[in-house]
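Peer 1: Produce the complete structure using the sequences and hints provided.
Given next are the chains, with one letter for each unit.
Number of protein chains: 2
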Amino acid sequence: MTKWVYRFGGGSAEGSAGMRELLGGKGANLAEMCNLALPVPPGFTITTAACTAYYANDGQLPGEVETQAKEALDHIAALVGGKFGERDNPLLVSVRSGARASMPGMMDTVLNLGLNDVTVEGLAERAGDARFAYDSYRRFIQMYANVVLEMDHDLFEAILEEYKEEKGYHLDTDLDAKDWIGITGQFKALVGSELGKPFPQDVNTQLWGAVNAVFGSWNTPRAITYRRLHSIPDDWGTAVNVQAMVFGNMGDTSATGVAFTRNPATGEKQLYGEFLINAQGEDVVAGIRTPHAITEEARKKANDKRYSLEAAMPQSFRELRAICDKLEAHYQDMQDLEFTVQDGKLWMLQTRNGKRTAEAALKIAVDMAAEGLIDKKEAVNRIEPASLDQLLHPTLDPDAPRDLIATGLPASPGAASGEISFTADDAEAKTAAGHDVILVRMETSPEDIHGMHAARGILTARGGMTSHAAVVARGMGTPCVSGAGALRIDADAKTMTAGGRVFTEGDIITIDGAAGEIMAGKVATRDPELSGDFATLMSWADEIRVMKVRANAETPEDARMARSFGAEGIGLCRTEHMFFEADRIVAVREMILSPDEAGRRKALDKLLPMQRRDFVQLFTIMSGLPVTIRLLDPPLHEFLPQTKKETARVAKVMGVEPAVLKARMLELEEYNPMLGHRGCRLAVTYPELAEMQARAIFEAALEVHENSGETVTPEVMVPLVATKAELDMIKGIIDKVAEEVHQEAGTQIEYSVGTMIELPRAALMAGKIAETAAFFSFGTNDLTQTTFGVSRDDAARFLNEYVQKGILEADPFVTLDVEGVGQLVQMGVERGRAARPGMKMGICGEHGGDPASITFCGKVGLDYVSCSPFRIPIARLAAAQCETGENTHSTA
Amino acid sequence: MTKWVYRFGGGSAEGSAGMRELLGGKGANLAEMCNLALPVPPGFTITTAACTAYYANDGQLPGEVETQAKEALDHIAALVGGKFGERDNPLLVSVRSGARASMPGMMDTVLNLGLNDVTVEGLAERAGDARFAYDSYRRFIQMYANVVLEMDHDLFEAILEEYKEEKGYHLDTDLDAKDWIGITGQFKALVGSELGKPFPQDVNTQLWGAVNAVFGSWNTPRAITYRRLHSIPDDWGTAVNVQAMVFGNMGDTSATGVAFTRNPATGEKQLYGEFLINAQGEDVVAGIRTPHAITEEARKKANDKRYSLEAAMPQSFRELRAICDKLEAHYQDMQDLEFTVQDGKLWMLQTRNGKRTAEAALKIAVDMAAEGLIDKKEAVNRIEPASLDQLLHPTLDPDAPRDLIATGLPASPGAASGEISFTADDAEAKTAAGHDVILVRMETSPEDIHGMHAARGILTARGGMTSHAAVVARGMGTPCVSGAGALRIDADAKTMTAGGRVFTEGDIITIDGAAGEIMAGKVATRDPELSGDFATLMSWADEIRVMKVRANAETPEDARMARSFGAEGIGLCRTEHMFFEADRIVAVREMILSPDEAGRRKALDKLLPMQRRDFVQLFTIMSGLPVTIRLLDPPLHEFLPQTKKETARVAKVMGVEPAVLKARMLELEEYNPMLGHRGCRLAVTYPELAEMQARAIFEAALEVHENSGETVTPEVMVPLVATKAELDMIKGIIDKVAEEVHQEAGTQIEYSVGTMIELPRAALMAGKIAETAAFFSFGTNDLTQTTFGVSRDDAARFLNEYVQKGILEADPFVTLDVEGVGQLVQMGVERGRAARPGMKMGICGEHGGDPASITFCGKVGLDYVSCSPFRIPIARLAAAQCETGENTHSTA
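Same order as they appear, the protein sequences are chains A and B.
Per the numbering used here, the first sequence starts with residue 1, numbered consecutively.
Per the numbering used here, the second sequence starts with residue 1, numbered consecutively.
Treat the hints with care, since some could be wrong.
[Stated by the list, open to error] In silico contact screen, one side only, chain A against chain B (beta carbon under 7 Å); selected entries: (1) L392; (2) T395; (3) D399; (4) L675; (5) R681; (6) P760; (7) M765; (8) S791; (9) F798.
[Claimed, not checked] Covered stretches of chain B (in silico footprint by chain A; criterion: 3 or more residues with CB under 8 Å from a CB of chain A, positions within the stretch not fixed): (10) 561 to 574; (11) 640 to 651; (12) 671 to 678; (13) 681 to 690; (14) 720 to 732; (15) 753 to 764; (16) 817 to 825.
[Stated by the list, open to error] With the C-beta cut set under 8 Å, the calculated list includes, among others, these residues of chain B facing chain A: (17) D793; (18) D794; (19) L808.
No lab work stands behind these hints, which were simulated from the structure alone.
Everything numeric in this text was worked out from a predicted model, so none of it was measured.
Yeah, the Cβ is synthetic: ideal placement off N, Cα and C, and Gly gets one too.
Peer 2: So this is what it looks like as structure tokens:
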């Protein structure tokens, strides 16, 4: 016989905290509290297996469930000394759902079940309080009708409000027993008229109606969507908890409340919570009455004149405090509790790991480790890496009023306010004049870099999470909202329209890059404060982790920032970013426009000293840490001017006819630049370009070595390789230049040549390519694009819909698609290392800063992840968590 | 001891035809002829292994080679009764290279080796003919100086010409012994002055100089390039054949010639060849004297008054004819022979499978099978499938003069002449007026379809082998040259410039789509003539093959064409092509421009009957054969007008402001349309589109069934699937529509829903996707694009260079990249069939018509290939060859 029902109460339980899978979170913790001999009203849990059986059997529960539940109900009755459905001493129960992970969208709770027109009288007699009994009854009818019979909650509220208005009452406490009897009658009449049948008077009908409603709610569309979004398997199912009622609404010696063992906002070690006297659970959260503070300390701090639990019910308070300590010690985590005091006796109704802010999580983890409650590993494990963003960037003041005008994608975290600028030039000029600026563009391009640098925030109407704007903003640590499709931006007219409101240049807006929100006017922000706890936790993470963390950086500022955040090297220096700087873009364009190799070489000769200087700076800042430099990657047309005006200007500077420039631009134009003449294909057709870059790298390495004595070992990285032959050819060029520089300088140059694995073919052929490549860096941005056949610049149009419709669980450009793209990464690692044992491998796509993706990187055995400077702390933490096993915080 | 040298001659040989790998083609066949007791001058072969050793050892041959060769040389001397380097009876030898596959670019032949100032006198005395001896000597000096000492051939010719002019001679035969002695002296002086050392008089120096030159020539740049282009491994190496000389230049009883056992141009069964009396081998091909016909029949046919071999040397002729019959029977293939008659005795110097035209190959294969020489399988195996193109399309008259102005890619076979038209409209109008037109465009777009249909040929300056122009042209069977980068096309000015020459509208040009050549003026063409042999061979192929062959077709014309070529169904009906037709493009644009679903549905309602009519036609023509219909694939912006003028016209027709149209077009614009909002992504965001198409398909199937009684089982194919969830959703739509149509009609609809596997992720996830898909069709065009990260529209800029530099062996859009993309195809097949045993799978990319790719398809177990109608015979043949094993013709 399958055991479908697990009992708890009376100082013991058949279940325990370890049986979360079978009993759900709530049931497992109720059992655990019983086992800890805490005062828990007796009850039982119908298992998640029953839920599975329910669905396997077309919404029918196995007969055994009913039998076992009936016996368990008798057991409860025996413990509390009442009987389910009997007039004289009626047993009342609560029915609650309880899945493995807490899950909104499902039926939650029915209280006071077992009341009917008969038992309510018995309850009134026994409690000696008719008001209490009918208050309970009306609550039951309303709750049951709402969650089981699916009637609108407001219909009941309307009756109550009308009644109070008629009678001139203000508070629910103004109503006496008679009033509630009348209301109860009206409620029952409403049910009858709405549903065409009376409110169920049979207590077993009530019970099984509620139980079936819980199981049925597992598959409501809202619940299904929630599961999809949070990767909760459909077959987990939910459990149902049936528990004897205790009453916080039995007069002034009764109360109900919620408590946290530590402050969930700040993390301070202090009992924290709220309660109400003479109330039932839902009153505390419903906002009809303002709950009181639990402790005297909190009361004083809030300058609340009303009594605290500590003052009003000192005995129950002491008990509660002791239980809090016991539970925290037992669960080794901050607990979120529900309790009820019935006629002076404290009962515990729930405990679970409490949700908390990032700040609190950090403090609690570090404090608990200091208290010896948990070890450092566990402390590291407790922090959701992504939550660090809240600690590293300005955030909106949660209390400040907001005038939301549109939403977009949360492209780069942080909040910022400023005047709208529609061009990069304007943004730069205004910033120079001392204004705060938000750069607003349809989309950004490399031409806008100077304006993006100047702006406090960036807002685009087009582009996804990995669009140019998003990637660059994240790299700079600048807040950015991208892909705000509802905005109409007219850069010529210098207007931005949102929901009919027109904003012009100089109007102030605020963006929240963590939430993807755009607000009119200035919204107060809070600057991040990094506590000592942060440094402590990060140092623990560093002790634990095996994977190295490097930065994607090319400017001296980024490199310095990266080091200050703890980067252990540069994993990706994108040399193209250097080409856009004002002092060299002309030479770059000269090179591109030259009709022959001789002309290109002349232009490259001009670029060489500048490029060398770039690398000297980087090598100097990174003082001996590894630096991976990627050869030029984007198609050359990206460097050409974008607008007519710009074209004319460039033509003038270069002394050519605009028509000539135009013709060359047309020649370079591509249908699909992402799949075009870029990456190592540039070096194959223009070897002189790779020669110049290699020379700049090696000469810089020598120069820094001479100046600082530091040994620089550059890692030269060839992008977009699809075949071994490409890499062979380009490595040949690099080796030749190294040999030349070596001859000229008389000093040996240490370096290695590796490649990006960013095309499916490269992953498939990794074994061959590894014969030539000294290292691999997985470029998962491009790899995701090609594996999915999706351009991240164009994805905004449909990818959101994909996530909304549940076709994709997450944007694969944000979190690595382990199932698909991950296969290719794994293949690349395995085949590469089979050919070259111990081969160094890393990741340098945007995924290198995404915790879930980092976990995958750890699993497949990468040596390092590389990400934008601002994500380095996140990556350090996530990398540490690869070693500490499953995250526990996400199921809290 | 390694055996480096294999002897032959004197009626036996150490080698045989089966030892081609070790002895090279020539050496193996010489040995084989000896074993057949044919008259072959004795000699020996230094193996290809010696070549490998030579390169492994820095260009030094192992000492054993010399020892063994010396012994073999003595053996020759003993057989012919002379001695190498001895004055009185000097042994002379020829030295020839002989790789496994015949390979231009390598050192070919040195004749008369062993002559020096001393032995020449002995030869003169022994032959009683000083003229013959010095003629041989001067030939030797010139040949040796050219191929071994790398001197310019023309320097020697100049001396001879000057001499003849001085003396007033016309023919070489005018020169007597004295003359040749003088010439020989001048030749030696030339060598001395050019090289600074005398012509080698030591015969062993001569011999090893020649042998080393053969081995050295294996790695000349020309030879390396040739190998790369023909996929011949570098480590095969070449063999060297050293053979006793026989002399065709020993007076009027001597002769030399070449012969084919059948006519290599027509395939007719008749001995065919040329010869010269009193000449050495190179004279026949040098063109100094015009060779005579071998047979009387040929002589008469050519109306040649000069004697034939049959008439002049009847005994040798009879012997030769007998040998031809023997060799053909032995090798079971048409042979290409070299022979020499020395003083009335016939000697065989070479035999090999003869090269032949496609027409001849076909006739020979069918004839030989009829003669019982080979079986049907072998006959099928003998025809290079790609060569059928020559039989199916008009070709240029090989004798017509040509004025070549530029070259491009051989995008679609066939030759055509016509007047230049620069727009599709012009092309259509001119054709309607009775002119032949060549449509000349920078590139074509779907807007040009009507002009492409009208034109006799298509020429573009941009785009690769799988560009729009190329794909559409091949589909239509229209000749096309694409990517002719040297052309400057100015469509506005209506001029085309090539090499400084300007062509204007109406000028006549000719294109050869098989060769990729563009010529000024009209070049005569020959229409294809399909002999009965063609039908015979194709029927044999059909008997043998297992893989089905379907067509990529959507128009009734294409479908009919496909059936006439033997298609067994439609593997790919691209519904987008139907959307461009004049009667519906307006409704298509209306749909695209509608701001909401209601508007789109209205437009789709207009399209439904037209689309249904399309399918009724197709189903009717295909009468019960399977038809795979792909839902709309390209991004919607492809259907919008391309030019300003067009936009204005469309705006007017649709009654909207051009600005509105422009704005929507801008909104739909994509950076990388290939990776954009297309394929099944359209159906995910606009389900109503898929609904309309599904309805049209099912209603058409029912209609055709009612009208014809034929059961139509449409295969509905969903494009660009990356995840199972996409397919689930769209299959849901299709199934729902099927159910609706079923309800409306009261008749059950048989159909299946499958998907393209054209993204790496789809191949990786094939197991999952196969849970939903009833069939897979590998879309290897897109799969190649995404696996390589190369856009075929943009590839022309670098892909040619890749092939030229040997980075890629072949254009992966023409021949499937088995090594890389092939892995994904194989994965797709294996994982798909693991989930759904026996799952139907095919290929519908351009590769479906490429023989090498078809071989791969057969190997991985596809059920069918689908290709453009004109390639169906090729595919049928290639599919048959999958069953007959290795092709033999390619190594002939």
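Peer 1: How about the segment 640 to 651 of chain B: do at least three of its residues have a C-beta closer than 8 Å to a C-beta of chain A?
Peer 2: This one is violated; 0 residues, fewer than the three required, reach chain A with a Cβ under 8 Å.
Peer 1: Would the hint on A:R681 be counted as holding, given a Cβ-Cβ threshold of 7 Å to chain B?
Peer 2: holds, 5 Å
Peer 1: Verify this for me: three or more residues of the segment 720 to 732 of chain B with a beta carbon less than 8 Å from a beta carbon of chain A.
Peer 2: It holds: at least three residues are needed, and the segment 720 to 732 of chain B offers 6 whose Cβ sits within less than 8 Å of chain A.
Peer 1: Does the CB of A:S791 sit less than 7 Å away from some CB of chain B?
Peer 2: Status holds, d = 4 Å.
Peer 1: For the restraint on A:F798, tell me whether the closest CB of chain B is nearer than 7 Å.
Peer 2: holds, 5 Å
Peer 1: Quick check: do three or more residues in the segment 671 to 678 of chain B have a beta carbon closer than 8 Å to a beta carbon of chain A?
Peer 2: holds (count 7)
Peer 1: Please verify the coverage claim for the segment 561 to 574 of chain B: does it have three or more residues whose C-beta sits within 8 Å of some C-beta in chain A?
Peer 2: violated (count 0)
Peer 1: Hold the hint about A:D399 up to the distance rule: shortest CB distance to chain B must be less than 7 Å.
Peer 2: violated, 39 Å
Peer 1: Between the segment 817 to 825 of chain B and chain A, see if three or more residues pass the 8 Å beta-carbon test, and mark the coverage as holds or violated.
Peer 2: Check passed, 6 qualifying residues.
Peer 1: Would you check whether A:M765 satisfies its interface hint, that is, whether its CB is within less than 7 Å of any CB in chain B?
Peer 2: holds, 6 Å
Peer 1: Given B:D794 as an interface hint, is its Cβ closer than 8 Å to any Cβ of chain A?
Peer 2: Check passed: Cβ of B:D794 comes within 4 Å of chain A, closer than 8 Å.
Peer 1: For the restraint on A:L392, tell me whether the closest CB of chain B is nearer than 7 Å.
Peer 2: violated, 31 Å
When the structure is compared with the earlier hints, violations turn up for hints 1, 2, 3, 10, 11 and for no others.
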